[in-house]
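Sequential numbering from 1 applies to the sequence shown in the numbering used here.
Since the hints were made in silico from the structure, they are not lab data.
Glycine included, C-beta positions come from ideal geometry on N, C-alpha and C.
Heads up, a few of these hints could be off.
[Claimed, not checked] DSS-like mimics (lysine-lysine), calculated; alpha carbons at most 30 Å apart, straight line:
no.: 1; residue 1: K163; residue 2: K195
no.: 2; residue 1: K6; residue 2: K195
no.: 3; residue 1: K195; residue 2: K209
no.: 4; residue 1: K163; residue 2: K198
no.: 5; residue 1: K156; residue 2: K195
no.: 6; residue 1: K171; residue 2: K230
no.: 7; residue 1: K164; residue 2: K144
no.: 8; residue 1: K144; residue 2: K25
no.: 9; residue 1: K163; residue 2: K133
no.: 10; residue 1: K156; residue 2: K25
no.: 11; residue 1: K133; residue 2: K198
no.: 12; residue 1: K230; residue 2: K209
no.: 13; residue 1: K230; residue 2: K246
no.: 14; residue 1: K251; residue 2: K209
no.: 15; residue 1: K171; residue 2: K195
no.: 16; residue 1: K168; residue 2: K248
no.: 17; residue 1: K85; residue 2: K195
no.: 18; residue 1: K198; residue 2: K209
no.: 19; residue 1: K209; residue 2: K156
no.: 20; residue 1: K163; residue 2: K25
no.: 21; residue 1: K85; residue 2: K209
no.: 22; residue 1: K133; residue 2: K6
no.: 23; residue 1: K209; residue 2: K25
no.: 24; residue 1: K198; residue 2: K246
no.: 25; residue 1: K168; residue 2: K144
[What the hints assert, rightly or not] Ranges between beta-carbon positions, derived for each pair:
no.: 26; residue 1: R19; residue 2: Q241; range: 46 to 56 Å
no.: 27; residue 1: E239; residue 2: E182; range: 45 to 55 Å
no.: 28; residue 1: Q241; residue 2: A132; range: 47 to 57 Å
no.: 29; residue 1: K246; residue 2: R19; range: 56 to 66 Å
no.: 30; residue 1: R7; residue 2: N249; range: 32 to 42 Å
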Amino acid sequence: SVQLIKRDGVGLLLLNSPRTKNALKSEDMLLIRNILCREAHSDIYALIISGEGNVFCSGADFSELISIIGKNRKDQELQSNDMSKLCDSIQSFPLPTVCALNGSAYGGGVEIACACDFRISVPNIEVMVPPAKIGIHYHPTGIKRFLNLFGSSVTKRLLLTAKKMSEKELKNVGFFDEIINEGENIIERAQDFIKQCKELSPEAVRGMKLSINDIVMDSINTQSLNARIKNTLGSQYLERQLKSIKEKNSK
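Model the full assembly from the supplied sequences, consistent with the hints where possible.
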């Protein structure tokens, strides 16, 4: 149900359960986290997350949600934490990530999109986050992610009314980096979008991505920040660029 494809230095993480609207079981979320852990230091320079079918992701598998209702509190927290941990892993993945929305997103699928650095979408999608309809409290880290992207007013509307948001509404609040034209290939467009990162300093891109995420999530660590800055200053990329600038100035 989850597939990793590598091509031209870009990883494609494909949710491949269109019959269940790419709903994720606990084992799927763990598998994705393991893939992210492995690929964080592999030969790719960026990651695209997309799905098969007409829905990007409908969040946690509802059959598992049903199975925990009525069980003890610990089990309920574990189910909630699976999606939280997955989105933490996506957001903290050190390489640039693009959510290629092949269709609408629901529940945790919306948070997965928010956890990515960029969002490119097919036309006419919608999003909805339905915990209030089910009767559960969305996990606080996910709420923080929504607040960072949507702001307070839209996050309240998303969570407290459980109403669907249209493409037009999402566009107005800056959810999309790009909406492709009808008939375009979403994966190919996502690859074109992210390939500009290939020519940039990997140390600078990795470091600034992690620092931006730390700042917006209120988890900045001065020691980590200084280490990232130091890593860029000692990089071969910077050395080559300084040498090139010096040669140009000497002509």
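Which of the listed hints are not met by the structure? Hints 1, 4, 5, 6, 11, 14, 16 and 22 contradicted; others consistent.
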